[in-house]
Amino acid sequence: MIRFENVTKRYPDGTTAVDDLSFEVREGELVTLVGPSGCGKTTTMKMVNRLIEPTAGRILLNGEDIARTDPVRLRRGIGYVIQNVGLFPHKTVLENTETVPHLLGWTRAKRRARAAELLELVGLDPSVHGARYPEQLSGGQRQRVGVARALAADPPVLLMDEPFGAVDPVVRERLQSEFLRLQEQVRKTVLFVTHDIEEAVRLGDRMAVFGPGRIEQYDTPATVLGSPATPYVADFVGSDRGLKRLSVTPVETTDLEHPPVVRAGSPAAEAAALLAKQGDPYAVVLDDDGGLRGYVAAGTLTSGTVADHTRRLEAWVPVGSPLKRAFSAMLQHDAGWIAVVDGDRFAGVLTPATLHAALRRSVNEDGEDGDAAGAGQPVAAPAGAGDNRRTEPDAEAS
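According to our numbering, the stretch in the sequence shown is residues 1 to 398, in order.
These are computed hints drawn from the structure, not numbers from a lab. Each hint should be verified, as a subset may be incorrect.
The calculated lysine to any residue pairs, modelled on SDA-like cross-linking and capped at a C-alpha distance of 20 Å, are [claimed, not checked]:
1. K46 - P155
2. K46 - G63
3. K46 - R58
4. K324 - V341
5. K91 - L74
6. K46 - P36
7. K46 - N84
8. K110 - P126
9. K324 - K277
10. K110 - G130
11. K46 - T15
12. K324 - P155
13. K324 - D205
14. K91 - Q136
15. K91 - G105
16. K91 - S127
17. K277 - R263
18. K324 - E257
19. K277 - A298
Using the sequences and the hints, build the whole thing.
If you want it as structure tokens, here you go:
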């Protein structure tokens with residue numbers, strides 16, 4: 001979809017911002033461009049919509065050389081989101097979102113319907129926020145409007161320059177999650193510029209790590225973290241890159257332990273006998289359809305049914321979630337395990353020991369030895385959970 005062929009950008013004073021750059025972004029792929037300030041990542045992105053013209057080389061969009069395309073027409077077919085959003089202060093949220101469709105000559109009814117649809121897609125109620133002006137919105141809301149505006153004409157390509165850099169960390173993480181959800185639905189080809197390695201790892205299908213004016217490594221986040229191509233990349237991603245792999249390593253069913261399972265309607269005495277026989281401190285409770293209800297501790301099963309003694313789990317993680325999500329929940333609540341579901345079915349539990357094994361598996365799959373960057377070192381376990389035995393959780397995970 002986007003192809004750079006030996007692209008160079010050199011300014012009149014002799015400064016080379018980008019030097020002989022060649023790489024390709026596949027259709028529907030989200031590629032993060034990450035590196036320190038002044039490395040050429042924003043220049044690279046701006047050459048795609050010709051806000052900056054290359055000195056040499058070609059950039060192809062769908063196989064066509066963009067140098068032969070009228071810049072105005074080119075930009076109307078590319079979504080563009082920047083850090084400070086750039087909303088028109090004298091226009092309402094709906095009017096801002098309609099900007100490109102209006103330039104393309106859409107009817108008022110068509111562009112208004114599209115704007116309302118996109119505001120809902122980014123989590124804003126058009127009936128509540130549509131008539132507001134940018135100054136009446138929070139920073140996070142303005143960023144959502146910026147994304148909606150960029151998508152309004154349904155462009156195949158989206159350029160994003162530090163779009164979440166101006167909001168606080170909590171809002172930033174929420175916007176990242178919402179954008180990933182949105183990308184699952186719209187599957188745009190995205191170039192996403194950031195200086196934050198954590199953001200690049202979390203969002204990118206692939207990531208390009210920039211050194212001064214060139215790409216040092218272009219690969220999946222897992223590979224970049226597991227096998228840095230150069231000392232520069234290893235230094236940039238950090239000595240804790242083993243822990244960063246938690247963000248890109250998914251929970252798989254093969255990583256799970258399988259504690260005793262009991263039904264909510266079963267007699268408590270039967271469940272107590274099962275736990276005593278197997279020597280387990282707890283059992284997971286399921287309903288008649290196999291759905292997760294909670295858990296019971298061995299010492300509490302005195303009378304009645306299992307349901308009478310079931311403790312509810314406030315949260316769990318689905319198969320495929322990043323290990324970081326599960327690990328964070330365990331640490332936050334000092335819990336010895338967290339339940340994992342596959343669809344609406346209980347799949348097993350993840351413990352600190354199995355989480356560590358999953359991380360080592362990921363390292364080994366990339367061919368990295370266990371000592372690299374500390375990735376093979378034991379991952380810190382919640383208090384009381386370091387003996388590899390499943391224990392009753394001290395608190396419910398969330």
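Do the hints match the structure? See the list:
1. At roughly 16 Å between alpha-carbon atoms, K46 and P155 fall within 20 Å of each other, so this suggested pair holds.
2. Taking the CA atoms of K46 and G63, the gap is about 18 Å. The hint holds against a cut of 20 Å.
3. Restraint check for K46 and R58: satisfied, since their Cα atoms lie roughly 14 Å apart, inside the 20 Å limit.
4. Of the pairs offered as hints, the one joining K324 and V341 holds, with about 16 Å between alpha carbons and a cut-off of 20 Å not exceeded.
5. Simply put, K91 and L74 have alpha-carbon atoms about 24 Å apart, too far for the 20 Å limit, and the pair is violated.
6. A C-alpha spacing of about 17 Å is found between K46 and P36, which places the hinted pair at or below 20 Å, so the restraint holds.
7. A distance of roughly 16 Å separates the Cα atoms of K46 and N84; the hinted pair therefore holds under the 20 Å criterion.
8. Pair hint K110 plus P126 holds up; C-alpha atoms about 15 Å apart against a cutoff of 20 Å.
9. Distance hint between K324 and K277 is unfulfilled; the C-alpha atoms sit about 34 Å from each other, more than 20 Å.
10. Between the alpha carbons of K110 and G130 the distance comes to roughly 15 Å, so the proposed pair stays at or under 20 Å and holds.
11. For the hint pairing K46 with T15, the CA-to-CA distance comes to about 17 Å; that is within 20 Å, so the pair holds.
12. At roughly 33 Å between alpha-carbon atoms, K324 and P155 are farther apart than 20 Å, so this suggested pair is violated.
13. For the hint linking K324 to D205, the alpha-carbon distance of about 17 Å falls within 20 Å, and the restraint holds.
14. Our distance criterion of 20 Å between C-alpha atoms is met by K91 and Q136, whose separation comes to about 12 Å.
15. For the given pair, K91 sits about 18 Å from G105 by alpha-carbon distance, which is consistent with the 20 Å threshold.
16. At roughly 16 Å between alpha-carbon atoms, K91 and S127 fall within 20 Å of each other, so this suggested pair holds.
17. Between the alpha carbons of K277 and R263 the distance comes to roughly 17 Å, so the proposed pair stays at or under 20 Å and holds.
18. Distance check on the hinted pair: K324 and E257 sit about 18 Å apart at the alpha-carbon level, within 20 Å; holds.
19. A threshold of 20 Å between alpha carbons decides the hint, and for K277 with A298 the separation of about 11 Å falls inside it, so the pair holds.
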